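Q: Make the full structure from the sequences, and use the hints.
Residue numbers (the numbering used here), protein chains in the order written: chain A, 1 to 234; chain B, 1001 to 1374.
Hints may contain errors.
[Said to hold, decoys possible] To give an idea of the chain B side of the interface with chain A (calculated C-beta under 10 Å), a few residues:
1) Ser1150
2) Gly1214
3) Pro1215
4) Ser1216
[What the hints assert, rightly or not] Sample of chain A residues facing chain B (criterion: CB under 7 Å; computed from the structure):
5) Gly44
6) Thr47
7) Ala48
8) Gly118
9) Val128
10) Glu188
11) Met214
Please keep in mind that the hints were generated in silico from the structure rather than gathered at the bench.
In this text, all values refer to a predicted model and were calculated from it rather than measured experimentally.
Backbone N, C-alpha and C define an ideal beta-carbon position, used for all residues, glycine too.
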Amino acid sequence: MTWSSFSSADQVGMVIGFLLTLSVFSYLLRDNVLFRLVIHIFIGVATAYVAVVILYNVVWPQLLLPLGSGDPGTILLVIIPLLLSILLLARAFPRLSSAGSPPLAFLVGVGAAVAIGGAISGTIVPQVLAAINAGATQTTFPGATRNWMDAVNWGVILLGTLATLAYFHFSARLRNPGQTPSRAAWIEEIAGVGKLFIAITLGAIFAGVYAAAMAALVERMDAMVQFLQALLAK
Amino acid sequence: MSDEDDQVTCAECGFENPLEAERCQNCGADLPAAFAENLLAQVPGQEPFINKARITPAQQVHLRLLGEMLAVEGQALLLGISPRRAGYTTLRIGTSLVLFLVLLFSLLANKPVFTHPSLTSEALEARQLVYALTPGAPVLFVVDYQPGFSGEMTRLGQGVLAHILAQRAYPVFLSTHPTGPAQAEVFITDLGISTGIAYLTPDQYLNLGYLPGGPSGLLSFSQAPQQVMPLTADGNSAWQDPPLQTIQSLSDFSLVLVMTEDPDTARTWIEQAGPQLQGKPLMLLLSAQAEPSLRPYLESGSGQVQGMVSGVSGGVAYQDSAVFTLQSDTSGITWSAYSLGLWVGAILLLLAGLYGVFRLVREQENELSRGDKP
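A: Next comes the structure, spelled out in structure tokens:
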């Protein structure tokens, strides 16, 4: 595509994108003012954007609009969150900050309860049950026939689970006076195997992070190449 | 107290008691409430309480241990960071240049060097879920990724969204990230450019916007979507259109699809929304970095996740396998450039690792040879 085929807004966006990307890449040479400028712009723009989204998408439709509805039931329902929000604003003033503690405690308490309840019922119990049942019922995907690979898979899962749990077993006992407390020898052995499983897991996660970063790099480089090609083809 | 640090002598009978004893094990007399010599100095301002406290020798030992631990906490930890080696900057720039030049060459040449990957079994399951959608079926499409990942996520999700729209299902976008609503609009606009079709709201899709409240908000939305998100991102009434009039809970959606780069976000959706689905499928579109952490939800047989497409490779394979064709790819990630970048990066990592091992062996040899000399 030629430069003139883009709209003015696209052209401005492409120029800004090109310059900002180059500025970020300049960090390869050393930490410099261009890189820091981009970081400041990013933080400022992101914060302002989030503030606008929250005002427009949350505060206006879910707090102010019901207040102006004229329906006493609706108004009553939003009075409590409104009061709690006002109290939360008191945290900004040191002398009044204690007034913000009740809504903060409410937020933290509810958040923790929901998160812990979800973790127990949504992850711990289903995953433990699945690990227990894996040996008896598992086939990797629906419709697949059970074979010796499933048995090997289950064995690896069992070994990995037990060994990794052993690695995080931190109870130690003073076995000989004057020596550092240590775990039992058999736990040490299993923990060594657990360390291997953890290393493999971290390796897999690192590979995923690397692949995601490569995708971002290719996308940025392609955008720069397209910008230059459009500019030169004018 | 006796001279031995681990025993205390009874003043009445002279019996040697263990440190933790409060009474003499021989005569039953109270053992002396001893104070460390400088205890008051250690806790200034607490003299009235210290004077009333009875501190056994065992407690004194614990106090001393605690004091030592706190003292260590206050000390700066010396890290074993070796001074930056000469040529480090050159090496960093050289490595980057190699990567940049290879990618630049691949992008300019634009030749398909690497063959496209084939569809994995979990992506096949995902495709079957989309094929099962009937015209007008409401699909909750969660756009929960950071803007920095838009290249990968667009490449990953474009084929799936095109397939959903080709089935004439009705995607409803939602996000628990403030930037998500804008990402969703960019996503569907890019798809419109690729397919040559202008997708319009509210005829073909709906954008509910930003859902606040984290896990609590998500749980509330799962139970009562209409009450929690009454308006769309552009401020219109959300639930008036025919495909959405019957939606009372999350289980009224035909499919829930979560697109994210963050394992914690996906986990929150599985934990909070999963139990409300009542058998309706949950499908994940994941960045390559989140996939290893979330695969157990798919493969454990717990039935919490029914389909998964991950990474650029998953997106490319899905796009190749579908019945529709995209006229152009606006995502900016060509498979060959991406594959070449991964290979070059892996080779550089391997070479760096080998160089590290070589250096280590040489340093050990040098140390041994120095040790041999008198």
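Q: Taking the hints in turn, state whether each one holds.
A: Hint-by-hint comparison with the structure:
no., hint, in the structure
1, Ser1150, "holds, 8 Å"
2, Gly1214, "holds, 6 Å"
3, Pro1215, "holds, 5 Å"
4, Ser1216, "holds, 5 Å"
5, Gly44, "violated, 14 Å"
6, Thr47, "violated, 10 Å"
7, Ala48, "violated, 11 Å"
8, Gly118, "holds, 3 Å"
9, Val128, "violated, 10 Å"
10, Glu188, "violated, 25 Å"
11, Met214, "holds, 5 Å"
Hints 5, 6, 7, 9, 10, counting from the list given before, are not met by this structure.
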